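Peer 1: Line by line, the protein sequences give chains A and B.
Everything in the first sequence is counted per this note's numbering, starting at 1 for the first residue and increasing by one.
Everything in the second sequence is counted per this note's numbering, starting at 146 for the first residue and increasing by one.
In short, the hints are calculated from the structure, not lab data.
Since the model is a prediction, treat every value here as computed from it, not as a measurement.
One or more hints might be untrue.
What the hints assert, rightly or not - Cut-off 25 Å, straight-line C-alpha distance, at most; resulting in silico cross-link-like pairs (SDA-like, lysine to any residue):
# : chain 1 : residue 1 : chain 2 : residue 2
1 : B       : K259      : A       : Y30
2 : A       : K87       : A       : T42
3 : A       : K14       : A       : K25
4 : A       : K25       : B       : K157
There are 2 protein chains.
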Amino acid sequence: MLLKIIAIGKLKDKYFRERCDEYAKWLSPYAKLEIKELPDSTPEKEAIAILKELEKDKGAFIVPMAEEGQQYTSRQFAELLDKAARKVVFIIGGPNGIAQEVKQQAGKLLSLSKMTFTHEFARLILLEQLFRATNILNGGHYHRD
Amino acid sequence: MLLKIIAIGKLKDKYFRERCDEYAKWLSPYAKLEIKELPDSTPEKEAIAILKELEKDKGAFIVPMAEEGQQYTSRQFAELLDKAARKVVFIIGGPNGIAQEVKQQAGKLLSLSKMTFTHEFARLILLEQLFRATNILNGGHYHRD
Numbered sequence: 001m002l003l004k005i006i007a008i009g010k011l012k013d014k015y016f017r018e019r020c021d022e023y024a025k026w027l028s029p030y031a032k033l034e035i036k037e038l039p040d041s042t043p044e045k046e047a048i049a050i051l052k053e054l055e056k057d058k059g060a061f062i063v064p065m066a067e068e069g070q071q072y073t074s075r076q077f078a079e080l081l082d083k084a085a086r087k088v089v090f091i092i093g094g095p096n097g098i099a100q101e102v103k104q105q106a107g108k109l110l111s112l113s114k115m116t117f118t119h120e121f122a123r124l125i126l127l128e129q130l131f132r133a134t135n136i137l138n139g140g141h142y143h144r145d
Numbered sequence: 146m147l148l149k150i151i152a153i154g155k156l157k158d159k160y161f162r163e164r165c166d167e168y169a170k171w172l173s174p175y176a177k178l179e180i181k182e183l184p185d186s187t188p189e190k191e192a193i194a195i196l197k198e199l200e201k202d203k204g205a206f207i208v209p210m211a212e213e214g215q216q217y218t219s220r221q222f223a224e225l226l227d228k229a230a231r232k233v234v235f236i237i238g239g240p241n242g243i244a245q246e247v248k249q250q251a252g253k254l255l256s257l258s259k260m261t262f263t264h265e266f267a268r269l270i271l272l273e274q275l276f277r278a279t280n281i282l283n284g285g286h287y288h289r290d
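Input sequences plus hints: build the corresponding full structure.
Peer 2: If you want it as structure tokens, here you go:
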């Protein structure tokens, strides 16, 4: 499985960075993960940069994170990944959120929670859930229903 | 505002511990926070220990975390805290979850997401949302709708 995260803004917080790196390492036996950070900018410029980046991902299943998106249980999320295209691209916006032009590319809009998280926190949760999903799909013991 | 978190199990992961300590520090101008860790055990023994601990919190608003609980937006969560009793006690179970006898003490059952998190991760999310809530209630700039 090929996974990619397009994220607006860098992960500045060292605790989050270390933890995200660790989840990425845990993921590595199960999936190839690429993280592409794009600079914080105006909503218009961010949208242009994301759409340009997505040109590299033709045929991929595109999953922008948005509060109005659908929520999944961890097991449903694993099934979504399992049924999706060979490559799945998640998009985490910055404080401006994600522009409508980008959301229109979505195979699915994903919401992690009704609560608001910082983009750094959203990346940490997404990585934990990606590791959890691959663990579910590979019959590991990390997840218990 | 008095906040207390009763948690089953220690926060072993150093990244989570450092980050939780930081949110607790950020919270400190707004609320007095107490964290009480109780040992991992059988569901029955955990329930007895939690109920015994709750005897110290008469009159408090009790909020066990449970996947079947209610989800709130960050702003709704802030309003819940604002309207609650002077003291609010959150309960985070371990891998066994929280026993029915404890849930019966609840003023409200709270769910963070449909997704499953480890108890360490749940504590991190709860602390971030508690800081966010106090920031909302005090007119800070950490939260944007």
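Peer 1: Take the hints in turn and mark each one as holding or not.
Peer 2: Checked hints:
Distance check on the hinted pair: K259 of chain B and Y30 of chain A sit about 24 Å apart at the alpha-carbon level, within 25 Å; holds. Note on K87 of chain A and T42 of chain A: the hinted pairing is violated, with a Cα-Cα distance of about 28 Å set against a maximum of 25 Å. The straight-line distance between the Cα atoms of K14 of chain A and K25 of chain A is roughly 16 Å, inside the 25 Å bound, and the hint therefore holds. With a C-alpha separation of about 19 Å, the suggested pairing of K25 of chain A with K157 of chain B holds against the 25 Å cut-off.
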